[in-house]
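**Student:** Start from chain A and add chain B according to the hints.
Protein chains in written order, with our numbering: chain A, 166 to 278; chain B, 301 to 411.
It is possible that some hints are incorrect.
To be verified - DSS-like cross-link-like pairs, simulated, lysine-lysine; straight-line CA separation at most 30 angstroms: (1) K398(B) to K356(B); (2) K243(A) to K367(B); (3) K189(A) to K342(B); (4) K342(B) to K233(A); (5) K189(A) to K233(A); (6) K189(A) to K243(A); (7) K367(B) to K398(B); (8) K342(B) to K243(A); (9) K233(A) to K356(B); (10) K367(B) to K189(A).
Since the hints were made in silico from the structure, they are not lab data. Keep in mind the model is a prediction, meaning the values are calculated, not measured.
One letter stands for each residue in the lines below.
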Amino acid sequence: DAGVIQSPRHEVTEMGQEVTLRCKPISGHNSLFWYRQTMMRGLELLIYFNNNVPIDDSGMPEDRFSAKMPNASFSTLKIQPSEPRDSAVYFCASRYGQLYEQYFGPGTRLTVT
Amino acid sequence: QKEVEQNSGPLSVPEGAIASLNCTYSDRGSQSFFWYRQYSGKSPELIMSIYSNGDKEDGRFTAQLNKASQYVSLLIRDSQPSDSATYLCAVISGGYQKVTFGIGTKLQVIP
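Next up, chain A with everything else stripped away, as it sits in the complex (with noise of 0.2 angstroms):
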């Protein structure tokens, strides 16, 4: 079975350019997980998705951040206007059920210069 994939992997932009993140996840899992993960942090929700609703975005950090679910199979997160601060690794996860274990993708590597 494939596992939560990811795109772009490695993703350099300049300041104040838009930046989009995708995720597919899982087939058959009905939660999805965006995280952000930097040395000084660590791993960090910002939103999370049940049935494509959002649940939870207490973690999104600013307005310049975004996240859609339009179906089941599709998750972006949008940066708009991007910032240096925002560069770490952003993680989506999918999970089955509520109380169950996450399966996360590869990541991307976010770089603003």
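**Tutor:** Coordinates of chain B only, in the frame set by chain A:
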């Protein structure tokens, strides 16, 4: 108080020894508990899940859960250099079944 606490380490153990990793959590109503392993530059990989008090064994790994004391631990027997990684504790709690991760403990197994 952080919701999920781990010692960031590094924890150094000699090859063949038992590595003991600990995690405490603040929400007494937490329901599900997981250990993930993350190698440098890679994504977190699930190694153990535990849902009820007691021990759960899987090969060289044993997860232990004590809900009364609000801690969960991971024991790695016969530690190998390939076990050197960061181990993340994750807890599901709250009405939204939100997942919270600890900062992770870096384990170094010395040959």
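**Student:** Now, for every hint given, state plainly whether the structure supports it.
**Tutor:** We went through each hint and held it up to the structure:
Only pairs whose Cα atoms come within 30 angstroms are accepted, and K398(B) paired with K356(B) is accepted, the gap being roughly 23 angstroms. For a cut-off of 30 angstroms, the pair hint linking K243(A) to K367(B) is broken: about 39 angstroms separates their Cα positions. Simply put, K189(A) and K342(B) have alpha-carbon atoms about 18 angstroms apart, close enough for the 30 angstroms limit, and the pair holds. With a C-alpha separation of about 25 angstroms, the suggested pairing of K342(B) with K233(A) holds against the 30 angstroms cut-off.
Taking the CA atoms of K189(A) and K233(A), the gap is near 12 angstroms; set against the 30 angstroms cutoff, the hint holds. Note on K189(A) and K243(A): the hinted pairing holds, with a Cα-Cα distance of about 15 angstroms set against a maximum of 30 angstroms. With a CA separation close to 18 angstroms, the supplied pair K367(B) and K398(B) stays within the 30 angstroms bound. With a CA separation close to 22 angstroms, the supplied pair K342(B) and K243(A) stays within the 30 angstroms bound.
Of the supplied pair hints, the one linking K233(A) and K356(B) is violated, its CA atoms being roughly 37 angstroms apart against a limit of 30 angstroms. A C-alpha spacing of about 35 angstroms is found between K367(B) and K189(A), which places the hinted pair above 30 angstroms, so the restraint is violated.
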